[in-house]
Each structure stands twice: as structure tokens, then as C-alpha cells.
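The sequence shown stops at residue 831 when you use this note's numbering, and every number in between is there.
Any given hint might turn out to be false.
Under the rule of at most 27 Å between Cα atoms (straight-line distance), these lysine-lysine pairs were calculated in the DSS-like manner [claimed, not checked]:
id : residue 1 : residue 2
1  : 642       : 737
2  : 601       : 642
3  : 737       : 692
4  : 638       : 737
5  : 638       : 692
If you are wondering where the hints come from, they were derived from the structure by calculation, not from laboratory data.
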Amino acid sequence: MIRPGCRLTSRGLPGKLPLDSLSAESNGGNLRADGRACDQLRPVKLTPDFVPVAEGSVLIEIGQTRVICTATLDDGVPSFLKGSGKGWVTAEYGMLPRATEQRTPRESTRGRQSGRTLEISRLIGRSLRAVTDQQKLGERTVWLDCDVIQADGGTRTASITGAYVAIALAFERMVATGILKSMPLLDSVAATSVGLVLSDPMLDLCYEEDSRAEVDMNVVMTGSGRFVEVQATAEGRPFAGGELDRLLNLAASGIRHLTEHQRSLVPLNFTVRAR
């Protein structure tokens, strides 16, 4: 049950929260540390072509979390796809040493990537492959590089949301220049975090909230409302099925608004079909 101290926008109805600002109804009462209501995203900003030499790029800013996402096209595919006529989408994720409050040594100086880095890289790749028709790519590989320049929670979900914009911009240009015959994207994809903090369901956790969440969840969904991945972890206590349902609904409402931001830059229309 949502506690009285956790205020909701638009009378708590998911899908009716404002994009970036508090509703008049949620200005009073107990809000989160940054002034948001519990069902509210942080301010979202997308800056396209942030790296002009890349086939597609964007700087995504969600609150104080900032990630540069680029898409690069290479000829050739991994060995297991050679001769198949299919392409591949893969990702690499990383953080600048001072993306966090205290400096983190570069993984290159350690001689290996951390398990967290590899996990997030694979998550980004899976999420974008879920909405890409690999046959339309031909035997080409798209590299998605997601570099966190400032971290305040939600870096993996911001990376997925930004990587979609980067690859969509790249594909648009490849179709326009004749490299690709048709758009390989089947749908859009975006992601956000949700969690239970002091038993309150909260959308889009900042670092401070994430660090004390009893339940932490990352949700990846398509623009048509289908799930790509759900990562749910009991950090402080087990959670009930009803709490899971509320968190999924909260995530879906946030992802709908992230999808609107994406479409403001890449207004693609999809006819979603089963695969």
C-alpha cells in the first residue's frame, strides 16, 4: 500500500504524469529529496548528434545522470552469423573515472572489465536487438557505445533509452544514403528504474534513493508496451506479487513518457508484428 507521505501526480493515475514538472496537486506535502512526486521522472533532455562524426549519437540527460551514446556501423558480423545474411547489434558500456563522487580507476588500467560493466553492456545489446530486424541489416554490425560522464543512478536505463535514439538516427541516415534498403527497427525501446524506498513505490530512482531501496527494479519496454527485460531484486526484504504489479505499472507509465521524448527526435511509425 502506498503510504500517505508519498505524493502522486495526477491523483496517482499512471500515464497522466507531466513530462518534466510537478503538477499543482503535488506541490504540497512530503515529496522526494529532489522535489519530485513518487510517480515522476527526473527532467529528461536529449541532444542529438552530440558526436558529429558518429553515424548516430545523442547526449541523454536524466536528472544529474548524463550518458553519451553513439552508434557505429561496421562491415562483417561475428563468426556464428557469417553466411546467415543477418546483422548484429552489440554494445559497450563504460564510466568516466569522475562520473561518480569519488574517482573510480579506469578498467583499462586494471586489465579487465568488471562483472557489472559486462552485464550492463550485454543488457544494452539485448535490448536493442529485441527491436531490430537483423535480416534487414545484412551482414553488418552496429556498435553502441554508452559512456557515462556523470552518474546519479539509472545509468543502465539511461543508456538503453539513449542507445535507441543513437541507432535510430544512424539507421535513418543509412536508409537515406542507400546503405540500407529499409528501416531495420521494428519498434522503439526505453528503460527506467523503479523501487520500494521505505515501502513507497518510486519511479526513476536517483543514486541516494537507489542506495537505500528495499526493492530495486530495472524495466525495459518497447514503445508498443511489451516487456523486453525485467530485473527485480530484493535488496532489503522480499516483495509481494501486488508490489511487483504496482512497480511494473509505475515503470510502464514512466517509459511511455520516455518514448514521447524519443519520438520528438525520431518520429518513426512502427507496425508492430510478432516474431
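Now for the hints, and whether the structure bears them out:
Under the criterion of a C-alpha separation no larger than 27 Å, the hint pairing residue 642 with residue 737 is consistent with the structure, at around 14 Å. At most 27 Å may separate the alpha-carbon atoms for a hinted pair to count; residue 601 and residue 642 exceed this at roughly 34 Å. For the hint pairing residue 737 with residue 692, the CA-to-CA distance comes to about 8 Å; that is within 27 Å, so the pair holds. For the hint linking residue 638 to residue 737, the alpha-carbon distance of about 20 Å falls within 27 Å, and the restraint holds.
This hinted pair checks out: residue 638 and residue 692 have alpha carbons roughly 15 Å apart, not beyond 27 Å.
Hint 2 alone, counting from the list given before, is not met by this structure.
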